[in-house]
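Participant: Listed here are the chains, written in short residue letters.
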Amino acid sequence: MKFQITVDDVEAVAIGAGILGTGGGGDPYLESIQLRRELKKYGAQQLINPKMVKEDGLMAVVGMIGAPTAGIEKLQEGTELVRAVRLLEDHLDQKFDAIVIAEIGGANSMGPLIAGLQAGIPTVDGDGMGRAFPELQMSTFLFHGDVEVTPLAMVEAGKGSVVIPTTIDALWSERLARNLATSMGATAGIAGVVMTGKQVRDYCVPYTMSLAFNLGDRVLQARAHGEDVSEVIASSLGGKVQLRGKIIDVFRRTTRGFARGNLTIEGFGGAVPRLEIDFQNEFLVAKQDGEVVATVPDMICIVAEETGEPISTERLHYGTRVSVLVVPGAAALKTPEALRVVGPSAFGYDIKFKPLPGDLPDNGEVFGRGRISF
Amino acid sequence: MRIGIDVGGTNTDAVVMEGANVIATTKTPTTENVTDGIVRALRTVVEDSKLDVGSLDGVMIGTTHFTNAMVERRRLEPTACIRLGLPATVCLPPLVDWPDELVEAIGRHTYLAHGGHEFDGREISAFDPDEIRKITEEIKSKGINAIAISSVFSPVNSEFETKAAEVVLEVLPDANITLSSTIGRIGLLERENAAVMNACLRNLAAATVASFKEALSAMNISAPAFISQNDGTLMNADFAADYPVLTFASGPTNSMRGAAFLSNLKDAIVVDVGGTTTDVGVLQQGFPRAAATAVTIGGVRTNFRMPDTLSIGLGGGSIVKENPIKVGPQSVGFELTQKAKVFGGNVLTATDIAVAGGRASVGDQGLVSSIDSILVEHVNEKIQEMVSVAIDRMKTSASLVPAVIVGGGSILINDEIEGISEIVKPNHFSVANAIGAAIAQVGGETDRVFSLAEMSRDEALSEAKTEATDRAVSAGARADTVEIVDVEEVPLAYLPGNATRIMVKAVGDLAGDQ
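Heads up: the protein sequence lines correspond to chains A and B, in order. Quick note, the working numbering runs 5 ahead of the 1-based positions in the first sequence. Quick note, the working numbering runs 163 ahead of the 1-based positions in the second sequence.
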């Protein structure tokens with residue numbers, strides 16, 4: 006378990022979070038440069054053990070909302086998240102004790118550390134997804150009926166900001182926030198989902214910042230020692246390598262503002278089965294020879310075959326050599342309440358969720374660590 | 164008739180080509196002042212081919228000069244960068260992820276100003292000429308003349324970059340300005356990096372292109388000169404003097420294109436076997452397949468499209484070990500002619516195995532006659548297997564494709580490679596780079612975000628194709644030969660309004676070359 010994040014940890018977190026992004030969540034590259042700069046300025050960012058938080062503490066979830074493709078062009082001012090936090094505090098007339106991570110997968114793993122550094126409060130070592138998802142309502146904090154997205158503060162580069170005091174439900178919050186984010190240049194900082202420490206403790210996917218670091222660190226070691234990186238990633242997360250092969254087809258379309266599509270991967274040697282994967286920002290469903298082998302909320306991760314570098318849905322290219330990994334999702338995503346929001350049916354699939362064996366590691370440690378000696 | 168020249172760090176190669184025929188080739192050492200080496204190479208091929216220089220359609224030059232300058236951090240000009248995008252982009256200023264010694268070489272003269280556009284074309288903030296004037300006064304007071312200008316979403320709307328350049332020229336009439344929108348694609352930091360690299364190379368580029376021209380006029384050649392770019396297409400020499408950054412990956416591209424040409428294959432695997440490594444690449448419709456991941460040049464991240472190659476530790480100098488059999492990745496490298504057994508050394512190398520197996524005749528075959536023939540057979544099998552595995556990883560389909568083998572180590576490869584339809588070992592393989600330059604076509608590219616709420620997908624695609632075609636023609640292509648070779652659409656995730664990024668590439672034959 007990690008107690009703080011320092012400059013030396015950023016590379017590993019970026020790799021681990023990229024893999025946990027399961028194709029979505031944006032490339033953490035730009036945010037990791039900013040995080041390094043902030044860590045050099047402020048020193049280490051403290052992490053809080055989610056099982057040891059103060060029960061009556063007040064906490065808010067932060068993250069960037071918008072399109073990653075806009076985010077790589079209109080770079081952040083760099084204070085969007087902390088300004089959203091301050092705006093929400095002003096609205097509530099209360100101060101937050103800690104920052105909570107919305108999603109550990111992809112670029113949003115970094116912002117909550119930056120916002121915590123700038124606000125001078127710690128970040129909780131846990132998040133609401135244990136991976137990346139495309140929409141606000143897809144969060145373990147919201148599956149229990151006693152936590153709401155609103156009040157929600159949204160901030161753009163410059164002076165523009167909005168507070169949404171109330172909405173009908175989480176889905177409605179998502180719609181409102183999505184449209185506001187578009188007006189804000191398709192990249193905005195948000196703070197919301199206000200909770201007590203007890204709620205954070207009971208509902209979060211625990212120790213995922215530690216997990217992202219340990220996973221990335223393991224990948225760096227595997228590269229340095231010439232290990233089979235794909236195998237290392239899969240076994241570290243309790244999953245398996247489903248197929249190694251080449252992308253032979255990518256088909257994309259846009260529906261309701263999301264990048265959807267599917268891709269086909271053919272195994273090396275040609276004789277082995279083909280894998281078809283559907284995506285909506287993240288990889289959703291994997292079928293091998295027509296048979297479903299993995300679906301949300303379990304994770305389908307695609308990495309570069311030689312380096313283990315995560316490949317996002319926007320970087321899928323004909324001919325790229327990849328490994329497809331299937332990894333069990335966090336336990337909190339697989340309850341009946343959760344599956345209504347993040348299961349295959351929530352993404353429009355008439356498929357029953359058949360869980361992969363096991364759960365994502367829930368102690369922040371990757372499986373098998375310590376057993377491997379160099 | 165065409166002449167192709169490859170100016171490398173070690174050798175300057177030249178070829179004379181008439182249509183598809185290679186008339187003459189030569190390899191000469193590169194000289195410090197570039198001109199002398201080119202003149203020597205030109206003189207040799209012109210004399211060998213009895214060429215009438217008046218009948219030349221063009222001279223095509225490929226060079227690694229500018230890449231090497233970036234990597235070695237030499238002959239770079241102090242450069243300022245002005246970025247338009249305030250209040251956004253503050254947390255990641257220009258040069259933010261550059262290596263320290265490179266920043267030292269050009270200085271950290273970075274400025275943020277108002278301007279820039281949103282993804283949908285709205286202004287982030289208004290352009291302020293006075294702000295740019297003030298910044299330029301400061302740049303002027305530092306005695307800096309090279310300036311890169313970037314603006315948020317300038318590939319969609321370059322208006323503010325152009326306006327800023329006009330203001331800069333009012334204050335610094337001789338400024339050497341590079342606009343990011345003229346070289347890069349979406350991705351502000353990478354595009355801006357390319358613009359700054361371009362700006363700091365412009366002096367060197369002007370001098371180098373002048374040397375090229377001087378060499379041509381010394382040979383009384385009046386045909387137009389072209390320089391090869393990253394993607395295997397050509398730009399005219401004056402354009403290259405303004406955009407040296409566009410030459411960055413032209414070396415491997417020319418080598419693969421040359422291999423394709425020599426073998427007369429458009430879709431093939433290219434296996435370049437050197438002394439230490441073997442590089443495997445894929446040709447699709449005669450062009451190298453591009454890599455999917457970000458590429459760094461001299462430690463700077465860019466979004467150029469580079470050829471996708473897989474490098475394995477196998478070459479003519481690879482050291483062979485027994486029990487178990489292992490070939491490479493250690494290599495005797497350039498010391499092959501001292502250390503390999505066939506040359507009287509005591510290290511068993513892949514070349515020794517090839518000679519002992521009777522598939523090559525270099526050095527003294529008698530020195531390897533005592534090697535156990537079963538060992539020779541097993542090592543040979545291992546080598547073919549290593550190449551087979553590498554080829555399989557690069558292939559895009561299970562069907563059999565031809566493999567073109569080039570490079571000095573190609574003697575290692577025989578026809579036992581799996582997964583391929585045939586092995587082609589073309590003539591002139593050692594000057595594949597110069598041939599790749601000589602046969603290059605002219606290309607044009609566009610990369611923009613379209614809102615499909617405002618126009619149909621077909622309209623957007625046709626607008627993008629027209630733009631790419633126009634760019635190919637203005638770069639020197641003959642209009643009736645231009646074809647679209649690549650179209651890519653990326654819907655922008657998480658956005659309503661069907662915003663879609665469309666990238667189109669067009670190429671055509673060089674005007675004047677019938």
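Please keep in mind that the hints were generated in silico from the structure rather than gathered at the bench. Hints are not guaranteed to be accurate.
Unchecked claim - In silico DSS-like cross-links for lysine-lysine, where the CA-CA straight-line distance does not exceed 30 angstroms: (1) A:K203 to A:K100; (2) A:K100 to A:K164; (3) A:K7 to A:K339; (4) A:K164 to A:K203; (5) A:K56 to A:K164; (6) A:K46 to B:K305; (7) A:K164 to B:K297; (8) A:K100 to A:K45; (9) B:K326 to A:K164.
What the hints assert, rightly or not - Which residues of chain A face chain B? A few of them, derived with a C-beta cut under 7 angstroms, are: (10) I38; (11) I77; (12) E78; (13) K79; (14) A227; (15) G231.
Stated by the list, open to error - Here are the in silico distance ranges between beta carbons for each label pair: (16) A:P360 to B:A642: 56 to 62 angstroms; (17) B:S619 to A:P362: 45 to 51 angstroms; (18) B:S619 to A:G150: 40 to 46 angstroms; (19) A:G48 to B:V253: 18 to 24 angstroms; (20) B:R271 to A:V12: 57 to 63 angstroms; (21) A:N368 to B:E626: 41 to 47 angstroms; (22) B:D401 to A:E232: 49 to 55 angstroms.
Glycine residues also receive a C-beta, built at the ideal position from the N, C-alpha and C atoms.
Participant: Each hint needs a verdict: does it hold in this structure or not?
Facilitator: Hints, verified against the model:
1. Among the hinted pairs, K203 of chain A with K100 of chain A is consistent with the structure: their alpha-carbon atoms are about 17 angstroms apart, no more than 30 angstroms.
2. Taken as a hint, the K100 of chain A and K164 of chain A pair is honoured in the structure, with Cα atoms around 22 angstroms apart against an allowance of 30 angstroms.
3. The suggested pairing of K7 of chain A with K339 of chain A holds, with an alpha-carbon distance near 26 angstroms, which does not exceed 30 angstroms.
4. Our distance criterion of 30 angstroms between C-alpha atoms is broken by K164 of chain A and K203 of chain A, whose separation comes to about 34 angstroms.
5. For the suggested pair K56 of chain A and K164 of chain A, the alpha carbons sit about 37 angstroms apart, so the restraint of at most 30 angstroms is broken.
6. In summary, the hint linking K46 of chain A to K305 of chain B is supported, as the alpha carbons are separated by about 28 angstroms, within the 30 angstroms threshold.
7. Our distance criterion of 30 angstroms between C-alpha atoms is met by K164 of chain A and K297 of chain B, whose separation comes to about 24 angstroms.
8. Distance hint between K100 of chain A and K45 of chain A is fulfilled; the C-alpha atoms sit about 26 angstroms from each other, no more than 30 angstroms.
9. In summary, the hint linking K326 of chain B to K164 of chain A is supported, as the alpha carbons are separated by about 25 angstroms, within the 30 angstroms threshold.
10. Nearest Cβ of chain B to the Cβ of I38 of chain A: about 5 angstroms, under the 7 angstroms cut. The hint holds.
11. With a cut of 7 angstroms, the hint placing I77 of chain A at the interface with chain B holds, because the nearest CB-to-CB distance is about 5 angstroms.
12. The closest approach between the C-beta of E78 of chain A and any C-beta of chain B is roughly 5 angstroms, which is under the 7 angstroms cut-off, so the hint is satisfied.
13. Taking 7 angstroms as the C-beta cut-off, the interface hint given for K79 of chain A holds, the closest approach to chain B being about 5 angstroms.
14. Here the hint on A227 of chain A is broken, as its CB sits about 18 angstroms from the closest CB of chain B, past 7 angstroms.
15. The beta carbon of G231 of chain A comes no nearer than 10 angstroms to any beta carbon in chain B, farther than 7 angstroms, and the hint placing it at the interface is violated.
16. Look at P360 of chain A against A642 of chain B: about 59 angstroms separates their beta carbons, and that is inside 56 to 62 angstroms.
17. Distance hint for S619 of chain B and P362 of chain A: a CB-CB separation of about 48 angstroms, consistent with the stated range 45 to 51 angstroms.
18. For S619 of chain B and G150 of chain A, the hinted distance range of 40 to 46 angstroms is satisfied, since their beta carbons lie about 45 angstroms from each other.
19. Taken as a hint, the range 18 to 24 angstroms holds for the pair G48 of chain A and V253 of chain B, whose Cβ atoms sit roughly 21 angstroms apart.
20. The hinted range of 57 to 63 angstroms is not satisfied by R271 of chain B and V12 of chain A, whose Cβ atoms lie roughly 20 angstroms apart.
21. Distance hint for N368 of chain A and E626 of chain B: a CB-CB separation of about 54 angstroms, inconsistent with the stated range 41 to 47 angstroms.
22. With their beta carbons about 51 angstroms apart, D401 of chain B and E232 of chain A fall inside the hinted range of 49 to 55 angstroms.
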